[in-house]
Structures are given as C-alpha cells and as structure tokens.
Amino acid sequence: MGFYSTGQFFGAFLGGLLAGYLLQHTGSLAVFWLLSGLAFVWLVVVWLWFKPLRDSELPNE
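First residue of the sequence shown: 1, per the working numbering; consecutive thereafter.
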C-alpha cells in the first residue's frame, strides 16, 4: 500500500512540475494538447483492457 500511495503523490508532484515547465516555455495550448493526448491514450487502454459483459454473463437477480 505504501508503493501505491508513493506513486500517487509522486505522479501529482511530477505532473505539476512538468506541466508548469511546459506552460512556462510553450504556453497553455501545448499543455492542453499534451493532456488531451494522454487522456485519449488512457481511454484506449481502458477500452481495450475491459471486455463488455453480455446479457448471458450478467448474474441472475
């Protein structure tokens, strides 16, 4: 659990640091497009990771 928490806080620190650097040197539009690209990549990863449930796979209630 310590590794998980460390990863979360390190990611928040590193993300703020890199976004601030990028904002200062290139502008807000570059930060927007970079984060939009990362969000799209994450969406594709999640979409490919989980397969949808069919009606026959749902539990009976």
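Keep in mind that the hints were calculated from the coordinates and are not lab data. Hints should not be assumed to be uniformly reliable.
Claimed, not checked - Ranges of calculated distance between the beta carbons of each label pair, as one might list FRET restraints:
1) Leu35 with Gly7: 15 to 21 angstroms
2) Leu43 with Ala12: 16 to 22 angstroms
3) Trp42 with Tyr21: 20 to 26 angstroms
4) Tyr21 with Val44: 35 to 41 angstroms
5) Ala30 with Met1: 15 to 21 angstroms
6) Leu43 with Gln8: 19 to 25 angstroms
7) Phe3 with Gly27: 34 to 40 angstroms
Treat the numbers as computed from the prediction; the structure is a model and nothing was measured. Even glycine gets a Cβ: it sits at the ideal position worked out from N, Cα and C.
Inset, instruction - Take a look at whether the Cβ-Cβ distance between Phe3 and Gly27 falls inside 34 to 40 angstroms. - result: For Gly27 against Phe3, whose Cβ atoms are near 35 angstroms apart, the range 34 to 40 angstroms holds.
Legend entry - Trp42 versus Tyr21 beta-carbon gap, inside 20 to 26 angstroms or not: Given range 20 to 26 angstroms: holds, Cβ gap about 21 angstroms.
Legend entry - Distance restraint hint 16 to 22 angstroms, applied to the beta-carbon atoms of Leu43 and Ala12: holds, 20 angstroms
Legend entry - Whether the CB-CB distance between Leu43 and Gln8 falls inside 19 to 25 angstroms: holds, 20 angstroms
Legend entry - Whether the CB-CB distance between Leu35 and Gly7 falls inside 15 to 21 angstroms: About 19 angstroms separates the Cβ atoms of Leu35 and Gly7, which means 15 to 21 angstroms holds.
Inset, instruction - Could you tell me whether the CB distance from Tyr21 to Val44 stays inside 35 to 41 angstroms? - result: violated, 26 angstroms
Legend entry - Cβ distance range 15 to 21 angstroms for Ala30 and Met1, holds or violated: violated, 36 angstroms
Hints 4 and 5, counting from the list given before, are not met by this structure.
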